[in-house]
Amino acid sequence: MNALYHVLGAKQFDRITLDQLFLSAQEMELVVRHGGTGRFSTKIMSTLFFEASTRTRFSFESAMHRLGGRVIGTENASQFSSTIKGETLEDTIRIISGYSDLIVMRHTDVGAAKRAAAVSSVPVINAGDGSGEHPTQALLDLYTIQKEFGRIDGLHIAMIGDLTYGRTVHSLSYLLANYSDIHIYFIAPDNVVIPESVKQYLDEKNVSYQETTDLVEVAKSADVFYQTRIQKERFTSQDEYNKAAGKYIIDRQLLEHMKENAMILHPLPRAGEIDPEVDMDPRAAYFRQAQNGLYLRMAVIEKCLVD
Amino acid sequence: MNALYHVLGAKQFDRITLDQLFLSAQEMELVVRHGGTGRFSTKIMSTLFFEASTRTRFSFESAMHRLGGRVIGTENASQFSSTIKGETLEDTIRIISGYSDLIVMRHTDVGAAKRAAAVSSVPVINAGDGSGEHPTQALLDLYTIQKEFGRIDGLHIAMIGDLTYGRTVHSLSYLLANYSDIHIYFIAPDNVVIPESVKQYLDEKNVSYQETTDLVEVAKSADVFYQTRIQKERFTSQDEYNKAAGKYIIDRQLLEHMKENAMILHPLPRAGEIDPEVDMDPRAAYFRQAQNGLYLRMAVIEKCLVD
Amino acid sequence: MNALYHVLGAKQFDRITLDQLFLSAQEMELVVRHGGTGRFSTKIMSTLFFEASTRTRFSFESAMHRLGGRVIGTENASQFSSTIKGETLEDTIRIISGYSDLIVMRHTDVGAAKRAAAVSSVPVINAGDGSGEHPTQALLDLYTIQKEFGRIDGLHIAMIGDLTYGRTVHSLSYLLANYSDIHIYFIAPDNVVIPESVKQYLDEKNVSYQETTDLVEVAKSADVFYQTRIQKERFTSQDEYNKAAGKYIIDRQLLEHMKENAMILHPLPRAGEIDPEVDMDPRAAYFRQAQNGLYLRMAVIEKCLVD
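Chains as they are written, first to last, in our numbering: chain F, 43 to 349; chain L, 43 to 349; chain B, 43 to 349.
If you're looking for bench data, these hints aren't it; they were derived computationally from the structure.
Because the structure is a prediction, the values reported are computed rather than measured.
Treat each hint with caution, since some may be false.
Where chains are identical, the list cannot tell them apart; a pair therefore holds if satisfied intra-copy or between any two copies.
As the list claims (entries may be wrong) - Quick list of in silico lysine-lysine cross-link-like pairs, PhoX-like style, CA-CA up to 20 angstroms:
no.: 1; residue 1: Lys262; residue 2: Lys289
no.: 2; residue 1: Lys289; residue 2: Lys127
no.: 3; residue 1: Lys274; residue 2: Lys127
no.: 4; residue 1: Lys274; residue 2: Lys262
no.: 5; residue 1: Lys53; residue 2: Lys262
no.: 6; residue 1: Lys301; residue 2: Lys189
no.: 7; residue 1: Lys127; residue 2: Lys285
no.: 8; residue 1: Lys345; residue 2: Lys53
no.: 9; residue 1: Lys274; residue 2: Lys285
no.: 10; residue 1: Lys301; residue 2: Lys274
Required output: the full structure, derived from the provided sequences and hints.
Take a look at the structure:
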């Protein structure tokens, strides 16, 4: 058996693979526009979500259907599967991998996708493992930047919001280390700042970054604003949460400080941190970004099925 | 972009559209008998049920499969989707509509389907919005009448049960206003009578109707009996519920008063308001009616996908 | 209408049918290896799970997809369907059978599949009815034995664990009555021994069996070890459960007493009653057994759809 191509974390990708994936995603846009392909009509993808995420699951399932494939899935694997009878994740994966050609898994535990890949007889795609990683989200974020700017090298990127638990922020930071002359601004409330481990990785890779609290100042020079949602449960009181959540909102006022060709991204769902009045501005790229998730995931699925 | 054809409420249908849909549904019976069609093999339908309804969902999904299409779905969108993270319905629809060619939605809030249609990039079919409407149910009810009587004009139709909250009763009343010489009997327990708004609509459209409490008397002259389920939670005490629920039951005794070619319909599920001993009577059309739901929904899906 | 071929319980199978099914399952292995078939591309299978079982549902759905078919399903029929509105199982089945060509049903009540089959217009496969039966599990257990031993006649089979509530043990016992020179060992904690009804059936069919508590002694002579999970809720105290659950564990030590070509089966999930250190031993057949479920279920589905 050849080695399987799993998608487990952002650090596994080098520049060449990223370039290939983005080229493939671009082709997938054409495939979808022309009615999809029947290429993988004999393939079955399992979506095994131990934690529900309708949006992410739909995105993967739509991608597989556009590629002509078939899907079997569950969105409450934790509550209903044999897990509650005491089965290990490894046993579950050993069996499910015999019923499908690809497993897309979301789990609550960091490292779960890696454990699954270790025993699976088919490729595993990590669709989020707790506060760990969510590599296809970071890939589609980056694809959106590449697609709209035509390049990634040299961009200044502001990451805003919950930088401690926001796994897409970590994954995106790792991916950016593949590019030249990147500068990252980390802007977060005090109790959810970017972790040391991420900064250490960027240091090793010689990526320039700075932590700051002045969003207005950053607004003037950043090319990309990556806004994220702040979760209430990270704060000890409603009062503290309100203070943090209200601090870094992207609204019409902030738009006025931004460069004309800036880009606003958000992994979504949002809950107030981007004012809906921003939606109509051409710099608001978050719905296009969600759409790009389809094409990028088609590219990732293809890579897993043919490699 | 052309205007999309959404199915949101019964009032949107005129006589010509109804005739076309019923003709199409009749053709769909043949399509199914001959093994379905591959016509929409590149199309994806999303079933987004914020409130579970296995029967309705299965009916739509079967219809899409018989048309050769593909389905991605969730039956607990409310509990598990990004909704619980505070996302608006509008944001959800903006994204899901990028992953599919058609959205079938059930929601708990009146007007939700309309809100979805306003931001969707693909057609939206309302599969029930709270106590609002459930237009495809009313369409299949009417299709069943048309199919079995060969006509709708001139029929006398008794609507029985919960006429306040029974959304299919409202939708069916609106549809009937497209036909000539209709007479409607409304028969309901005191606290769940037909709303003023429905009566006003019928008045405007010059549809003849009357409210009555004597089911036996109506039994002698009505052509169609549209029985509905009474929900326990509408009553303040078990005692009151029992009195209301037991008042208008269709059983073998009532059958004796009915015309020989009368027709008994029910949107199902039933819970005692039609005695199972009635099932064997040829006038019991409710299971045929459920089957017609498949054909009618195939016709509706086709209309949305090609219009 | 011809009689439909339902799969309701193990007693319905005779030796000829079993031979045919196992031959068909063997062919299905080839079908899967060559990318599946489009044979049933116009057929729809409903998976109606009133009790969740991701593994069993995935196995059936994968089987249907490998046969080219389509699937509509629910894994929480009890919680969400019209059942909670008071609908009878019979009404549900009458309607669902109009939307699909085959129903696979799991239910909490003994006899539910039989009740469904009585009113269904399409074949029904029992995927577990409470503590009743789970015939396709028993079929795949037996298929695994046939496939790996090349025969079933003359084998000595040890059934271990919860023999009272373990429905697969009962179903497998009934199936074994079709073969010659079988000897069964029943090994169970005191409060979950094999029921009289099963023993009576074996007596009628002249199947040799014995109840014993000495697993080490049995280990020396049995060909097949059918291990099952013991459920905590069957015991009055944690202490009693621990005593029972810990009594008959298959571990490396027991392996040393077993014959060289013995076979260890388990319907899975397991929860400690087979030590993971056994997994690497070639006699551990339980993951191959789970994989065989796919092929066997393809054979069963084919039989239901063409008979």
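Structure-based check of each hint:
| no. | hint | in the structure |
| --- | --- | --- |
| 1 | Lys262 x Lys289 | within (17 angstroms within a copy, 71 angstroms between copies) |
| 2 | Lys289 x Lys127 | between (45 angstroms within a copy, 19 angstroms between copies) |
| 3 | Lys274 x Lys127 | between (32 angstroms within a copy, 10 angstroms between copies) |
| 4 | Lys274 x Lys262 | neither (29 angstroms within a copy, 61 angstroms between copies) |
| 5 | Lys53 x Lys262 | neither (30 angstroms within a copy, 52 angstroms between copies) |
| 6 | Lys301 x Lys189 | within (18 angstroms within a copy, 63 angstroms between copies) |
| 7 | Lys127 x Lys285 | between (43 angstroms within a copy, 18 angstroms between copies) |
| 8 | Lys345 x Lys53 | within (17 angstroms within a copy, 47 angstroms between copies) |
| 9 | Lys274 x Lys285 | within (11 angstroms within a copy, 45 angstroms between copies) |
| 10 | Lys301 x Lys274 | neither (31 angstroms within a copy, 60 angstroms between copies) |
Hint violations for this structure: numbers 4, 5 and 10, all remaining hints satisfied.
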